[in-house]
Amino acid sequence: DSRDNVYYPTNGQKLNFRYTQYPSFMGNEEESSKIKLKYTKFIKSNRDGDVIALRGFGGFGLGAVPFNNLLVVQGIDLRGYSLGRYRGKQLLTLQGEYRYNFKGKMGLVGFAGVGTIYGSNIESNDGKILPSLGVGYRYTVFPKNKMNVGLDVAAGKEDWGIYFRIGEAF
Numbered sequence: 622d623s624r625d626n627v628y629y630p631t632n633g634q635k636l637n638f639r640y641t642q643y644p645s646f647m648g649n650e651e652e653s654s655k656i657k658l659k660y661t662k663f664i665k666s667n668r669d670g671d672v673i674a675l676r677g678f679g680g681f682g683l684g685a686v687p688f689n690n691l692l693v694v695q696g697i698d699l700r701g702y703s704l705g706r707y708r709g710k711q712l713l714t715l716q717g718e719y720r721y722n723f724k725g726k727m728g729l730v731g732f733a734g735v736g737t738i739y740g741s742n743i744e745s746n747d748g749k750i751l752p753s754l755g756v757g758y759r760y761t762v763f764p765k766n767k768m769n770v771g772l773d774v775a776a777g778k779e780d781w782g783i784y785f786r787i788g789e790a791f
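Residue numbers (my numbering): 622 to 791.
Please keep in mind that the hints were generated in silico from the structure rather than gathered at the bench.
Be a bit skeptical, because a hint or two may be false.
Straight-line Cα separation of at most 30 Å, DSS-like style, residue types lysine-lysine; simulated pairs [said to hold, decoys possible]:
(1) Lys767 with Lys657
(2) Lys726 with Lys657
(3) Lys749 with Lys726
(4) Lys662 with Lys765
(5) Lys724 with Lys778
(6) Lys778 with Lys635
(7) Lys749 with Lys655
(8) Lys765 with Lys659
(9) Lys724 with Lys662
(10) Lys655 with Lys778
(11) Lys635 with Lys765
(12) Lys662 with Lys767
(13) Lys635 with Lys726
(14) Lys726 with Lys655
(15) Lys778 with Lys749
(16) Lys767 with Lys635
(17) Lys662 with Lys749
(18) Lys635 with Lys662
(19) Lys655 with Lys767
(20) Lys665 with Lys767
(21) Lys765 with Lys665
(22) Lys765 with Lys655
With beta-carbon atoms standing in for the labels, derived distance ranges [what the hints assert, rightly or not]:
(23) Ile787 with Val756: 17 to 23 Å
(24) Val762 with Leu683: 19 to 25 Å
(25) Pro687 with Lys665: 39 to 45 Å
(26) Gly705 with Lys765: 35 to 41 Å
Just so you know, even glycine gets a beta-carbon here, dropped at the ideal spot from N, CA and C.
Make a model of the complete structure from these sequences and hints.
Written out as structure tokens, the structure is:
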């Protein structure tokens, strides 16, 4: 983690790795595990205070992953999907956003992303390209730490979502 600020990074990068095991001795009918890998890069824009944020996510289910443990395309990794329709053993997403700051405490965010799943319980969803596009509003509630609250609206393939957030999406 080399971000210059936890709440509103303008420079740096962060790498997250998570491994989760679902062993049979814990009451699981089938043994399985999940690997989640997130890489986020923050780039200071040429315009003072603005930021370009980029994120790649890969999730990989191993073994007999039950339905409730499948990876789901949703607002954390790809905004604009709220129904849980797209789920599978593997999930890949790429997204980026531009954070535009007005003078004072207000700002706007524009974002876009794309994702896909494999190992879906609905075979026709495997490899389907899932786009995401949206905008958001930010208000800085704690200027000292650059802590924002915001509201995002995003559209996905045959789905959409509204997201209230404290802090940034990533």
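Evaluation of the provided hints:
1. Lys767 with Lys657: Satisfied, since the Cα-Cα distance of roughly 28 Å is no more than 30 Å.
2. Lys726 with Lys657: Given that 30 Å is the threshold and the Cα spacing comes to 34 Å, the pair is violated.
3. Lys749 with Lys726: Not satisfied, since the Cα-Cα distance of roughly 39 Å exceeds 30 Å.
4. Lys662 with Lys765: holds, 23 Å
5. Lys724 with Lys778: Not satisfied, since the Cα-Cα distance of roughly 35 Å exceeds 30 Å.
6. Lys778 with Lys635: holds, 29 Å
7. Lys749 with Lys655: holds, 21 Å
8. Lys765 with Lys659: Holds, at roughly 28 Å.
9. Lys724 with Lys662: holds, 24 Å
10. Lys655 with Lys778: Holds - the C-alpha atoms of Lys778 and Lys655 are around 26 Å apart, at most 30 Å.
11. Lys635 with Lys765: holds, 22 Å
12. Lys662 with Lys767: It holds: about 18 Å lies between the C-alpha atoms, which stays within 30 Å.
13. Lys635 with Lys726: holds, 26 Å
14. Lys726 with Lys655: The given pair, whose Cα atoms are some 40 Å apart, is violated under the 30 Å limit.
15. Lys778 with Lys749: holds, 10 Å
16. Lys767 with Lys635: holds, 18 Å
17. Lys662 with Lys749: holds, 26 Å
18. Lys635 with Lys662: holds, 7 Å
19. Lys655 with Lys767: violated, 34 Å
20. Lys665 with Lys767: holds, 15 Å
21. Lys765 with Lys665: Answer holds: Lys765 to Lys665 is near 19 Å, not above 30 Å.
22. Lys765 with Lys655: Cα-Cα ~38 Å, so violated.
23. Ile787 with Val756: 17 to 23 Å: This hint holds: roughly 18 Å between Cβ atoms.
24. Val762 with Leu683: 19 to 25 Å: violated, 41 Å
25. Pro687 with Lys665: 39 to 45 Å: holds, 43 Å
26. Gly705 with Lys765: 35 to 41 Å: holds, 38 Å
Violated hints for the displayed structure, listed by number in ascending order: 2, 3, 5, 14, 19, 22, 24.
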